Structures are given as C-alpha cells and as structure tokens.
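**Student:** Sequence:
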Amino acid sequence: MNNLIVIFVLVAFLANSVKGQLIDNSICNAFSDEPFFNTEIVKLNKLRSLHGTISTKKELSAIKKSGKSQHFKFDKKGNLTQQYTTFFRKNKKDTTFILYNYDNNGNLTTKRTNDVNGFYSYNYEFNQENDIIKKTYCRDHNKLNSRSSFILEKQYVIIKEGYSYKKNDSVVIKNVLNNNGLPYQQVKYIYNSLGYLISETKKLLINNKKTTTNYSYNSHGLLSAKKITNNQQKQNVKKTTYLYDELGNLIEINDFKNNKHITHKEILYDEKTYLLKALIIQDVETNFIKIIKFKASFY
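If you use the working numbering, the sequence shown corresponds to residues 1 to 299, in order.
To be clear, the hints were calculated from the coordinates, so they are not data collected in a lab.
Please note that a few of the clues may not be correct.
What the hints assert, rightly or not - Here are the simulated BS3-like cross-link-like pairs (lysine-lysine), alpha carbons at most 27 Å apart as the crow flies:
hint: 1; residue 1: 272; residue 2: 73
hint: 2; residue 1: 135; residue 2: 210
hint: 3; residue 1: 227; residue 2: 166
hint: 4; residue 1: 111; residue 2: 68
A quick note: this is a predicted structure, and the numbers were derived from the prediction, not measured.
With the sequences and hints as input, model every part of the structure.
**Tutor:** The following block contains the structure:
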C-alpha cells in the first residue's frame, strides 16, 4: 500500500498530464534500445528531440537530481535516429549512444552503438515483403572523431545469420542459418483468425531447447500481456503486462518473474502537446524510483 501511495504522490508531482499516442508498443518494445515511437505522430508534430533529465528517490528520502540524462533524436520523417544515455564511470560522466539507419520502406537497416572498444552494429537486409533475410554483427571504424555522429570507414563482420520463411494463413516458420549457412534455430509464429500474433516459439535444433512467448490482447486489440516460458527451465517464467487509457495510449508497464512483481513503470504525457512528459520506474522490492522528465524540441 505504501508503494502505491508513493507512486500516486509522484504522479501528482508531475501533474497536468494526459495521454498521447506517441508510444508504439505493437511489438512489446516500449522503452527498449529498439525504435518504439509512432513515426506518424512524431512527423505530424514536427518533433526534433525529447531530452530527459533523471532524478531518483530512495524509500523515505526526498527526490534527488542524478546528473544523468536520456535523449531521443528524430529526423523529419519521424524516425528515431539517435538515443543516448549518460552514466557515471569511476565518478566521470560517460555516454552510450545508439544510432539508427532506415531504408526507404522505414525498415531498420542498422543499429549502431558504442562501448569501450569503439562502435559495433547490427545490420539487416530485407526481401520485397519486408521480412529480414540477413543479419550481421560487426565491429565498425568511425571516420569521424565522434560518438554522436558516424561515417563508416571500415567494417569487420563477426557473426552472420540468414533467414528463410514458410508461410500459410495462420503459421509462419522462420529458419535461422548460421555463419556456415546451416540451420541451427527455428522460430514458429502462430496467428489467430483475426491476424493477431498469439505465440512465438524459438527452438534450437541441436538440443531441442524451446522458448515460447505468448501474447494477449485487450478488447481494442492492443497488447495487454507477454509471457515467456522455457521448456528446460519451467520455473523461470517472465511476464509483462501493459495498461492503456481509454484512447489506447500506453500508461503502465509491469514486469513479473515467477509471479513476483519486479518493476512498475508509469508513462505520463503533456496535456498541451500530447507528447511524452515523464517516465516513472519503480523497483517494487526496494521501492527505489527513477523519474525521467522530458522536454521536447521541434523542427
């Protein structure tokens, strides 16, 4: 009960909020390192960036500024082109950048980020049906002396995967090929009669290890839950639930492991612009709370 009171107070602290259809959670990747913004909404609002300042709150303590930040940058087409997060390494502020490139169909072709050794990237190729047919993991050399901007000078391919598909009305089978062009994994997607994805099973062909993700939807067809199970670790069950307002805007994310509530997230939107205003993240066990307050800029 005390935890719920704390969250209620924080929501009041970030008041004057309504919900806007900015977050695209259609593939359960909201607030991940993958693009998760609705490109049409970003484009229509001429949104250039969202800059978030991070504060924290320990149980029975006041809210404190952390000196950290999270930033999202968009192009004029509405695509997320960059996100970065600042952190402290040995009392010195550092930054991790993620850079995104897209093809003319809006498919993500490159996701590139930096670590202590430089840049690495995941690169994707697509067929005419916009299915991924090839993925490479590479080490990249930047022609520029920069982390936030990138021009490829040289690339070293480390891992390569290929994909082939078999499709019928309700089932899609994806075969995953390794560096040698041999199949090592199979992914089975099952759709219901309305076209909604209801399950995804990944099977390693050598040891028959399976991971199954089941999807549930609310009455408006929005994803309401994702449950992940493993046939070799049956006690390791992960579940995420999603809550939306009456207009279909994502307002809550809750993570569970073996029915234990792990993380609670609340999403708030600005009442004037209908853009992202704040994200509240609560560690349920410790009641440690992180608050990210966002400010928008426009083209």
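**Student:** Run the structure past the numbered hints and jot down the numbers of the failing ones, going up.
**Tutor:** The structure breaks none of the hints.
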